[in-house]
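With the sequences and hints as input, model every part of the structure.
Residue numbers (the working numbering), protein chains in the order written: chain S, 86 to 347; chain D, 348 to 750.
Careful: at least some of the hints might be erroneous.
Estimated spans, in silico, between C-beta atoms of each pair [what the hints assert, rightly or not]:
no.	chain 1	residue 1	chain 2	residue 2	range
1	S	GLY274	D	GLN363	54 to 64 Å
2	D	ASN644	S	GLY213	37 to 47 Å
3	D	GLN363	S	CYS108	37 to 47 Å
4	S	ASP210	D	GLN362	25 to 35 Å
5	D	ILE354	S	ASP304	42 to 52 Å
6	D	THR651	S	ASP210	56 to 66 Å
7	D	GLN363	S	LYS216	51 to 61 Å
8	D	PHE699	S	SER158	54 to 64 Å
9	S	ASP210	D	ILE354	24 to 34 Å
10	S	SER158	D	ARG359	24 to 34 Å
11	S	ASP256	D	LEU636	24 to 34 Å
12	S	ARG161	D	PHE699	52 to 62 Å
13	D	ARG359	S	LYS216	16 to 26 Å
14	D	ILE354	S	LYS160	22 to 32 Å
Straight-line Cα separation of at most 30 Å, BS3-like style, residue types lysine-lysine; simulated pairs [unchecked claim]:
no.	chain 1	residue 1	chain 2	residue 2
15	S	LYS221	D	LYS536
16	D	LYS672	S	LYS244
17	D	LYS613	D	LYS601
18	D	LYS519	D	LYS481
19	S	LYS219	D	LYS672
20	D	LYS564	D	LYS481
21	S	LYS242	D	LYS672
22	D	LYS672	S	LYS203
23	D	LYS414	D	LYS536
24	S	LYS160	D	LYS672
25	D	LYS522	D	LYS457
26	D	LYS708	D	LYS481
To be clear, the hints were calculated from the coordinates, so they are not data collected in a lab.
Since we're looking at a predicted model, the values are computed, not measured.
Beta carbons: idealized from backbone N, C-alpha and C, even for Gly.
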Amino acid sequence: MIRASQLSKHYHMGESVVRALDCVDLHIPHGQFVSIIGSSGSGKSTMMHIMGCLDRPTSGTVEIHGQTINSMSEKRMALLRNNEIGFVFQTFNLISRTSALDNVLVPLMYTRRSFSSKPAIEALDRVGLSKRAKHKPSEMSGGECQRVAIARAIVNKPKLLLADEPTGNLDTHTGTQIMNIVHELHEDGMTVVLVTHEMDIAVQAERMIEMKDGKIVADTAVDAARRAEILKLNQDAHQSLFRKKSLHPPSSKPLPPQMEAR
Amino acid sequence: MFHFQLIITAIRGLQQNLLRSILATIGVIIGVGAVVSAVSILQGAQRDVLDQFESLGADQLIIVDGKREHGGVTSSVQALVPDDAEKIQQENTELVLRVSPQYQGGGQIKYYQQNVNGFILGVTETYAPMNSYKVDTGRFISREDVRGSTMVTVLGYGVAQDLFGSLPPVGKNVKINGKSFIVIGVMEKKGTLGFLNVDEQAIIPLSTAMARMFGQKYLSMLNVQCTSAAAIPACLEGINQTLRVSHRIRSGTKDDFTIYTQEQMKQRFAQVAKIFGVVLYSIAGISLLVGAIGIMNIMLVSVTERTREIGVRLAVGARRFDILKQFLIEASIISLFGGALGVVAGWAMANFLGEFTQVIKTYTPPIIIVASLIMAIFVGVVSGIYPAIRAARLDPVQALRYE
Ligand SMILES: Nc1ncnc2c1ncn2[C@@H]1O[C@H](COP(=O)(O)OP(=O)(O)OP(=O)(O)O)[C@@H](O)[C@H]1O
Ligand SMILES: [Mg+2]
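Written as structure tokens, this is what we have:
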């Protein structure tokens, strides 16, 4: 559960002030899958960073899983990032000199529990990469790298997954693969917030938020029936690629009327 | 949380740019190596010299030429004569056990085709008992030899070996600086005595050395053995009195001789050793500083290079302290590893110099090994702390955006 009220983030650039976030009110209930869209510079990443306890707002309050982060110590914020939040980035952000497994192990180094590599192996298995555990990022495809990054994000079994343009650097087919994993995680009860520029990915969420100049300008629920249809399409596209090896990307399918309207 | 994983992470971090890590390590090896070899050489020299002083005996005094300062230049004043020895003995019978006047020169000792270059030492009968130096075969110089300036010699063990091999030398004729001497005895094997290798000298009567051999009036030095170590202060007083009277020095004028006790010699040596120590340790210290700067340099580069990694680590829950720790551990690994190799390198270097020169004696005190390792860790932490703080202070969002 995330609750933001009157949330603002300002950057002072000499004389002028950049309002990256401007009095944002937002409530995301537990287990919801939300997508955020908006043009470049509209404040999407800033919003994610504050929800992810990586940054503090200039004013306003944020509550994550019942804990207000404004007054929280750095140490508690780190703990929250470690235990309750998983972050996935557009550029994967893997540590290049170490193996996939070692990358997934990183969050485990900073837990209070005693160290064990078992959760990392399980997380890699979850994203279907247990065979790639010993590979370095340079020896893997972009999609595989992003799957490793997802494994790293979920290794401590967080309740919240924050993904900032996770498919931005991937082709449509690989993006679909990543989205299928995200859907699975959501079905398992995780709250998911996903930033994207691609409309056909945004509509896969239960709820779509559009931002502009640091404000929320639209907040709509995606029709459940349409969503199911798209998900089915995704799955079919995925399988056709795997089984028949014939390229048939989902984006070439006719878009649902709701999306064409935009 | 300090588990094995942290060390592995640090080692991986260092492996990422292996050459750079190795270069930084070499810096530490040189620094610590310089310290260890400097200490070893200095300690070795100190031990060696102090041993020599001990062999002089705490109840002994050495009287040498006096010093005169003239326009900032110090020169020595020759004034000690054989008669002084007699007077010191006679006027201080309660305090002085023995007096050994000595004249030392150099020369060639020859027996047919065999010849040796060595010291020629002119002494009286007191020399041997004073130094607990005994004859191996034959007899030592007697009072009559000195009185009659006889042409006799007692050879050092090494000289006898070189000239005669397995033949018995006693009774044979040798030539010392062209003059004929009868060998009356051979000294026992002794090694060094008062900084000289006495095995390589020929001993002749004092009067023979001064009058017939070198044609000199003044002694090289006078060695005095007091009745006990406790009698030293009174002995100094008495000898001073005797010599001033005999040399007719007016009150208010400086002595024309210098008396050293074993203690004073040690102090003088300690002063010299200190100067050498300051120079040697400064060089070693600078090497160590350069090593420390090397570590700091690679750590700073490493932090900049890994800004994104630091951002990722912070994003997945690392506390600032965890980041600080990671970089400190990396710096410590370089310094500890370099320190350990440096101890070995320094020790090997000192020993090599010892073997090579045959003059430098080395001694590596065990404590210096421990101290060097502690020092190395200290260097690592001190030079790693600033880069580590820089890493830990990074803003997670900025770090993640860093290109
Ligand atoms: N450290 C900063 N200093 C100054 N301005 C900043 C800083 N970080 C972000 N901004 C500004 O805040 C605004 C919002 O940035 P943000 O990264 O949230 O945009 P975004 O919606 O994620 O854009 P994109 O789609 O390109 O990723 C932008 O105008 C950006 O220039
Ligand atoms: Mg962004």
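Within a Cα-Cα threshold of 30 Å, do LYS221 (chain S) and LYS536 (chain D) meet the stated pairing?
violated (72 Å)
Is the hinted pair LYS564 (chain D) and LYS481 (chain D) satisfied, with a Cα-Cα distance of at most 30 Å?
holds (28 Å)
Against the 30 Å threshold, does the CA-CA distance of LYS414 (chain D) and LYS536 (chain D) hold or violate the hint?
Not satisfied, since the Cα-Cα distance of roughly 35 Å exceeds 30 Å.
Holds or violated: LYS219 (chain S) with LYS672 (chain D), Cα cutoff 30 Å?
Distance ~26 Å between LYS219 (chain S) and LYS672 (chain D) Cα, so the pair holds.
Does the Cβ pair SER158 (chain S), ARG359 (chain D) satisfy 24 to 34 Å?
holds (30 Å)
Below or equal to 30 Å on CA atoms is what counts here, so check LYS242 (chain S) against LYS672 (chain D).
holds (26 Å)
Okay, GLY274 (chain S) versus GLN363 (chain D) on CB: inside 54 to 64 Å?
violated (38 Å)
Does the Cβ distance between ASP210 (chain S) and ILE354 (chain D) fall inside 24 to 34 Å?
holds (27 Å)
Falls inside 56 to 66 Å, the C-beta gap from THR651 (chain D) to ASP210 (chain S)?
Violated, at about 36 Å.
Return holds or violated for the Cβ distance of ARG359 (chain D) and LYS216 (chain S) against the range 16 to 26 Å.
holds (22 Å)
Between LYS708 (chain D) and LYS481 (chain D), does the CA-CA distance stay at or below 30 Å?
holds (27 Å)
Cβ distance range 51 to 61 Å for GLN363 (chain D) and LYS216 (chain S), holds or violated:
violated (25 Å)
The structure fails hints 1, 6, 7, 11, 15 and 23 (numbered hints given earlier, in ascending order).
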